[in-house]
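Visitor: Both chains are given apart, each in its own frame, so use the hints to dock them into the complex.
Each chain is listed here by its residues.
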Amino acid sequence: MAELEIYKLSRRFKSGGGVSDVSLTIEPGRLFVLVGPSGCGKSTLLRLIAGLESPDSGEIRFGEAGNADRRDLIAMVFQNYALYPHMSAFDNIAFALRLRHLSRPEIRRRVAEAAELAALHIDLSRRPAELSGGERQRVALARALVRRPRVILMDEPLSSLDAPLRSHLRIELKEFQRRTGRTVIYVTHDQFEALTLADDLAVMRAGTVEQVGAPDDVYQRPANVFVATFMGNPLMNIVRCRLPNASVSAPARSSEPALEIGGKLAMAMPFGLSGEVLLGIRPEDLTYKSSSDCAAFEATFTRVEFVGPGYLAYATVAGQELTALLDQPIEPGRTRWLYAPRRALHFFDPVSNRRIG
Amino acid sequence: MPGGGARAAPLRFAIDCLAVIGAAVPIYLLIKQAITPDLESFAWPPFWLPHHLTASNLKSVFELAELRSALLLSVIVAVAAAAISTVLGTMLAYAMARRERLRQTGMAGVTIARLLPMIAVALPLTTVLIRAGLYDSPTGMGLALIHAALAIPTTALTTYGAFVAIPAEQEEAAWLDGASPLRVFLAIDVPQARMAIAASLVLSFILSWDEFGFALLIQVTNRTMPPLLYYYTVFGDVGPASALALVMLAPAVAVIIALRPMLKSGFIAAPRH
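Respectively, the protein sequence lines represent chains A and B. Using the numbering used here, read the first sequence as starting at 1 and increasing by one per residue. Using the numbering used here, read the second sequence as starting at 1001 and increasing by one per residue.
So here's chain B without its partners, still in its complex pose (with noise of 0.2 Å):
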């Protein structure tokens, strides 16, 4: 049994809680600012419970012209990104599980990838989506692209080890009753493997909602959510911020929530007693 026997049951109780105290905590303050005028954000010593609540900042940010574009081109982006980057991750993974001559350069592909500093790319990265027309565009195509490929890494990870725990006799077995390769791939491999691509487009979808960096370099004037949040953190006060963020927050959340099923016995597994 994974983690011990029952002596370790309180130590990973309270490992358990203190993880939970520290994710909650943060979203905890988020929600007390975007719900609280600003001076108490500010009050020292801090509130730990709002004592007056508003619904102004939630207001104001509701009321903000561009909100509505901006969070639906997060959703197109991070959707296109998530399915891109899935398809992609997952083939790339099927070949690592199946070709040993592609195990190891496509591991060093992937490792080297995700150790590139991404702003030092980002240039070169930039002039090309400018000659592709792609730069700033209104559908949010380029930074959809962007995301797609710094994904890949992390939804092939995540998917690699779902096929390599596949048999390949399966495979050998529906070639012989007459499947293509691509029949074979479609109906034994990716439904065996639905929990794990299910994690990675999760996990590629979230990547390509929080990124920063490329998205306020490249959408400069079709802004995705994130670029939209800073401005208004720098130039704003912070209860009207702390709404928008709840406002980003959410459809994460609903995502997770989604997907909770498959999650919860594919890339989360909880160990089982």
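Pulled out of the complex, with its shape left as it was, chain A reads as follows (with noise of 0.2 Å):
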């Protein structure tokens, strides 16, 4: 049985945002991630589960639980941890019991086990403002862990911290969640953060859910040309082109700037695609070495940043803007033919954005 089933929520602000007619599935155990970019309703929705916000229709219905109180269900980590400043992190931490009016050694015991779970090995009588900011996030898991909830709600809580710290507690998060086997719904605008922490992935835009799956298969597969962009860094490239017709092996011409795909491209597509259409590449998915199977560029190159792995080229094809993350410096001002491999090519539709092959 699902943990959480989302139906149709909608939630709409008067002035713009919200979310429209979202409906997900989250099942127990998993990391589940929220992504998009600010104002596409992921914070929003999280709120809506949390019930800090009322729906304006729709239903969240929490699988097995049924209709026990909300507050006993969930738990939420907050962005800057909203941990109470003039508590210790053990009264932080007890706070939801003592509302419970658990006895004293409960309270203890349940105590240090959140934060035996949550790696937390530090005198618990400091308050927020002495920790670190491991510490306080740490803090914060525990706190949200001893209510035994079944569902924890994270809101970008890594995002107001530095780089170093933040991918070492990514990597604390992701065990955290393993350790205690507790559903997890993360919110982030960080599509990296996204790709690396989640078990199943929730693209958002504008208040709608673009697409749901496993992080490797939205990369692979992006079900538009949102999601194709959105996800990954560099940019995903989008030119418009020309297909040749399924039955000519030979490029077709065009009057208007488009792409010839040469090789045996048009033999290997699926469904036979023609006409014009959107073709998406990711840059590091372009090379010098071409291959049996490929789409061929002939590239114009304008402009290279180094980027540590590698130099990303900008670089102009039948008009069209086009970045290539290369292995290999090249001049400005050169001329030369990029390969893509058939796999690393995306086919959409030119009208709808949508995945076509």
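Read the hints as simulated data drawn from the structure, not as lab findings. Mixed in with the good hints, there may be bad ones.
Among the chain B residues that face chain A by a calculated CB cut under 7 Å, a handful are [unchecked claim]: (1) Glu1066; (2) Thr1111; (3) Ala1165; (4) Glu1169; (5) Glu1172; (6) Ala1173; (7) Leu1176; (8) Gly1178; (9) Ala1179; (10) Gln1192.
Which chain A residues stay away from chain B? Per the calculated CB distances, all over 10 Å, these [said to hold, decoys possible]: (11) Ser57; (12) Phe95; (13) Leu161; (14) Gly232; (15) Arg240; (16) Ile356.
Some chain A residues near chain B, calculated using beta-carbon distances under 8 Å [to be verified]: (17) Gly16; (18) Gly17; (19) Leu52; (20) Pro55; (21) Ala68; (22) Leu73; (23) Met76; (24) Asn80; (25) Tyr84; (26) His86; (27) Phe90; (28) Arg100; (29) Arg104; (30) Pro105.
The C-beta atom is built at its ideal place from N, Cα and C for all residues, glycine as well.
Guide: Rendered as structure tokens:
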């Protein structure tokens, strides 16, 4: 049985934003990531799940838990952790237990248990201001865990940290989720964080879900142009091009700016695509090496940036911009052929922007 | 760093000295007049140092039958006014800090309340008190209510900033932890705003302690300290009046000293270096 079922959930704000008609199923014990640009409604969706906002329509069903008080089922870790600054770490964690009138020994036992699970090995009499960023995160995790919720919601918990700490704590969060086996719903605007953390992810835009799937699946088979360009860095190239007829192996020509697609590509195409399409290619999939089944582009280079793992080369191909992540630098002004293997080509409908092959 | 670097230090020291002298001189003169004969207070050229000391002024004040009741009534009124205005002002400030729509109307109301000429509303207020049976009450509750109303803008504005500074997420976290809205307010907001609340208690206490117009108008026979001092000043001598003023000064100073540790980091926080 699903942990959480979101059915046709809508919540609009006068100022704009919110979510419309979102349906999602979240399986137990998974780390489910909601990712999208700011204003896409991911935080609203999380707050709806938390019960901090009420929906205009639609429902949220908690699988087996049925009709128990929402606040007993979920816990939330906020962006800046929202620890109570006037309380010690212990009191922060124990707050929910004291509200439930548990006995003192029971509170001590459960706080210790939660601290252990959150890998929080500090003097719990210290206050949040005296703790490091990592320790604060662990206090927030312990505070969320101590009530034994079924689902833990996390709202961009890493976004206010500096890069080294962020990557360290990301790994820690993932381990925490595995160790505790809790269902985690995690909101982020960072596509890299989403790809590395998620068991499942949902890409959102303008209040709706664009695609749901495993990270590698979403990355390798983006459902539309938005998902294709949002997931991945450097950004996927999207170029308009005219495909040859499936029956003809020779490149077709067009008067408008279009791409030639060479080689045996036309025959390898599924569904016999033809005509005007949007072609997506990730910069890292473009190389100088040709192979038997690939697309070819005659690229004139305009600019090159060294980006660490390689050189990001900006080129124009038949009047359209293309970037390629190359392992060798190239002089601006030169023209060379670039190749991309068939499996790296993403085709989208130019009108609906949906994936067609 | 607020106030600039090392160069500003001598200037700041000079300003601090002036401020201290400005505040201390009247108090010094008051003490001097209270412990010297009247003749010295009117001497020309004035003496800056007392020549003859006398306890007769203080003695006459302490022998005054009305002193105890007036002092007690003033304390009751000021404590009640401080408590009521701080509770209500704190709630208003909290509402303004958390509800966008209340912020503007609340601020406007608070500002208008401060701008109203008090003597203009004195008459209608007095009739209200007479009808409510609180006029010239021996417990001073009518005056306390008026003082509380007068102090609400002060207490609201003093605590408003403290509530604004508390992130809403902390309240949401507490709510999700299972706390009721009242519990959230008491367990999360009040402890963090305690400095501002203490400051507003002190300010409203002093405001009531010091208030003269309504006290004169309403506590006609059951007098509080300010009207008593007024009658004493008008009809009595400078020496005993100064002694009475000293008696009035004492509780205010005591309250400020008692709450100083809280005030230090709250309302009158000195810039940290």
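Visitor: Are the hints correct? Go through all of them and say.
Guide: Quick rundown of the hints versus the structure:
no. : hint    : in the structure
1   : Glu1066 : 46 Å, violated
2   : Thr1111 : 27 Å, violated
3   : Ala1165 : 10 Å, violated
4   : Glu1169 : 4 Å, holds
5   : Glu1172 : 6 Å, holds
6   : Ala1173 : 4 Å, holds
7   : Leu1176 : 5 Å, holds
8   : Gly1178 : 4 Å, holds
9   : Ala1179 : 6 Å, holds
10  : Gln1192 : 5 Å, holds
11  : Ser57   : 23 Å, holds
12  : Phe95   : 5 Å, violated
13  : Leu161  : 16 Å, holds
14  : Gly232  : 31 Å, holds
15  : Arg240  : 45 Å, holds
16  : Ile356  : 43 Å, holds
17  : Gly16   : 16 Å, violated
18  : Gly17   : 16 Å, violated
19  : Leu52   : 6 Å, holds
20  : Pro55   : 17 Å, violated
21  : Ala68   : 13 Å, violated
22  : Leu73   : 11 Å, violated
23  : Met76   : 5 Å, holds
24  : Asn80   : 7 Å, holds
25  : Tyr84   : 6 Å, holds
26  : His86   : 5 Å, holds
27  : Phe90   : 14 Å, violated
28  : Arg100  : 6 Å, holds
29  : Arg104  : 18 Å, violated
30  : Pro105  : 20 Å, violated
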